[in-house]
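A.B. asks: Work the whole structure out from these sequences, hints included.
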Amino acid sequence: VVSTDGGNMIRDFTINSSGEELSRRVVEAISGIQDVSVNTVSDATFLMHVGGKIEMRSTVPVVTRDDMSKAYTPGVGRVCMAIHEDPDAVWALTGKGHTVAVVTDGSAVLGLGDIGAAASLPVMEGKALLFKEFGRVDAWPICLDTNDPDEIVAIVTAIAPGFGGINLEDISAPRCFQIEDQLKERLDIPIFHDDQHGTAVVVLAGLINALKLIGKKPGDLKTVVLGAGASGTASTKIMLSYGVKDIVGFDRQGALSRDRDYGGNVMKQWFADNTNPKNVNGSLSECIEGADFVLGLAGPDLLTREQVASMSDNAVVFALSNPNPEILPENIPDNVQIMATGRTDYPNQINNSLCFPGLFRGVLDVRATDINEEMKIAAAQAIADVIPAEHLDPDFIIPSVFDRNVARNVAQRVAIAAQNTGVARRRRRQTDEVYATMRSR
1268 VVSTDGGNMI RDFTINSSGE ELSRRVVEAI SGIQDVSVNT VSDATFLMHV
1318 GGKIEMRSTV PVVTRDDMSK AYTPGVGRVC MAIHEDPDAV WALTGKGHTV
1368 AVVTDGSAVL GLGDIGAAAS LPVMEGKALL FKEFGRVDAW PICLDTNDPD
1418 EIVAIVTAIA PGFGGINLED ISAPRCFQIE DQLKERLDIP IFHDDQHGTA
1468 VVVLAGLINA LKLIGKKPGD LKTVVLGAGA SGTASTKIML SYGVKDIVGF
1518 DRQGALSRDR DYGGNVMKQW FADNTNPKNV NGSLSECIEG ADFVLGLAGP
1568 DLLTREQVAS MSDNAVVFAL SNPNPEILPE NIPDNVQIMA TGRTDYPNQI
1618 NNSLCFPGLF RGVLDVRATD INEEMKIAAA QAIADVIPAE HLDPDFIIPS
1668 VFDRNVARNV AQRVAIAAQN TGVARRRRRQ TDEVYATMRS R
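Residues in the sequence shown are numbered from 1268 upward in steps of one, following this note's numbering.
These are calculated hints, taken from the structure and not from any lab test. Some clues are possibly wrong.
Cut-off 30 Å, straight-line C-alpha distance, at most; resulting in silico cross-link-like pairs (DSSO-like, lysine-lysine) [claimed, not checked]:
{"#": "1", "residue 1": "Lys1399", "residue 2": "Lys1451"}
{"#": "2", "residue 1": "Lys1399", "residue 2": "Lys1337"}
{"#": "3", "residue 1": "Lys1451", "residue 2": "Lys1479"}
Cβ-Cβ distance ranges computed for the label pairs, FRET-style [stated by the list, open to error]:
{"#": "4", "residue 1": "Asp1381", "residue 2": "Glu1553", "range": "33 to 41 Å"}
{"#": "5", "residue 1": "Phe1663", "residue 2": "Asp1415", "range": "19 to 27 Å"}
{"#": "6", "residue 1": "Glu1400", "residue 2": "Arg1278", "range": "45 to 53 Å"}
{"#": "7", "residue 1": "Glu1657", "residue 2": "Thr1361", "range": "18 to 26 Å"}
Virtual Cβ for every residue (Gly too), placed ideally from N, Cα, C.
C.D. replies: Dropping the structure here:
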């Protein structure tokens, strides 16, 4: 009982249900009771979000006038002038070296579509939370109320001095390509569109371990990619860089070949120009026959059991559309040895959270100016290597997102790759204090 007032009583009930629909029906039934009204309804997920999921905390105590004079005026003026005289000092004298901006316009949020800047904030807070929890990186949601690419580029460029990196999130294609490319040209800090490259890194990590189990090399694979969007394009690019040669992309009209007119669609044109070495044409049913690997990033129920059955023996299928994949694992025929999805309720979840916390930890530690293809491949290899070869199994090719070794391994490998490719401004610290903290939490 919360309170009583005359003949009225307010009660607080906790009800455990099996899902949203049952919860709705319970509330409806209670509301229908005579002389009973339902004031508010919440659930565990909503309660977790009350007041937001992140906050800013100070790293130094301010309890005396001396503390105040050092942390703020007048002492802070000397620090400002030190940075003015030596701009690189900002990395050591501020939080820039461990802070990234998570930038969105809310135009392609999860499977919800264009829901706007304000409605995207819970997702961006969640992203920031994962940055901190898994990578010890401070991240701040920046939700922009504009869909104009030039405005987004201008705003991010203007706020960039306060951040060591920019994570672009949930920006619809093809604008995401333009925005990322322009920011990479303008800024000397790493720019990373996670919907593209985070997915691509984890896809490659899964493929690396899948190849170990099926006993094939990248150059031997016949690969089919469903979906020529942001993640499909980035995944194809990283597979090409890794040595996968025979890749054919598909849209709803069939194979992306050089014989078709794509009406200015830059992603489909890129597929036609850079993949499909034999320039095959035809439907998915015709071209999937004999394929070793199918990567689905296009939508639900686009693969049939019969199509998958025509693939090679020991086939690999990554059906990553959420919440409903291209084909459900229970519908997979016997010739498929390895199956992965984007869902938590099946084995081998391809989850971007395996990539971005450790990747940004690594680039920040060496103050990298870019995230190049070599660093992405290093991240993928680091994720794959978390699972020892003797522990690999068709149902275990991807480590858990809660394995603290993942972000640690990714950070170290990415930092080394940044040094080896000349985009690091400083050498990786020899002490492993941060990495040990990441592993032990």
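A.B. asks: Hint by hint, say whether it matches the structure.
C.D. replies: Structure-based check of all given hints:
1. Lys1399 with Lys1451: Since the Cα atoms of Lys1399 and Lys1451 sit roughly 24 Å apart, the hinted pair holds (cutoff 30 Å).
2. Lys1399 with Lys1337: 27 Å, holds
3. Lys1451 with Lys1479: 35 Å, violated
4. Asp1381 with Glu1553: 33 to 41 Å: 35 Å, holds
5. Phe1663 with Asp1415: 19 to 27 Å: 45 Å, violated
6. Glu1400 with Arg1278: 45 to 53 Å: This hint is violated: roughly 36 Å between Cβ atoms.
7. Glu1657 with Thr1361: 18 to 26 Å: About 46 Å separates the Cβ atoms of Glu1657 and Thr1361, which means 18 to 26 Å is violated.
The structure fails to meet hints 3, 5, 6 and 7 from the earlier list, while all remaining hints are met.
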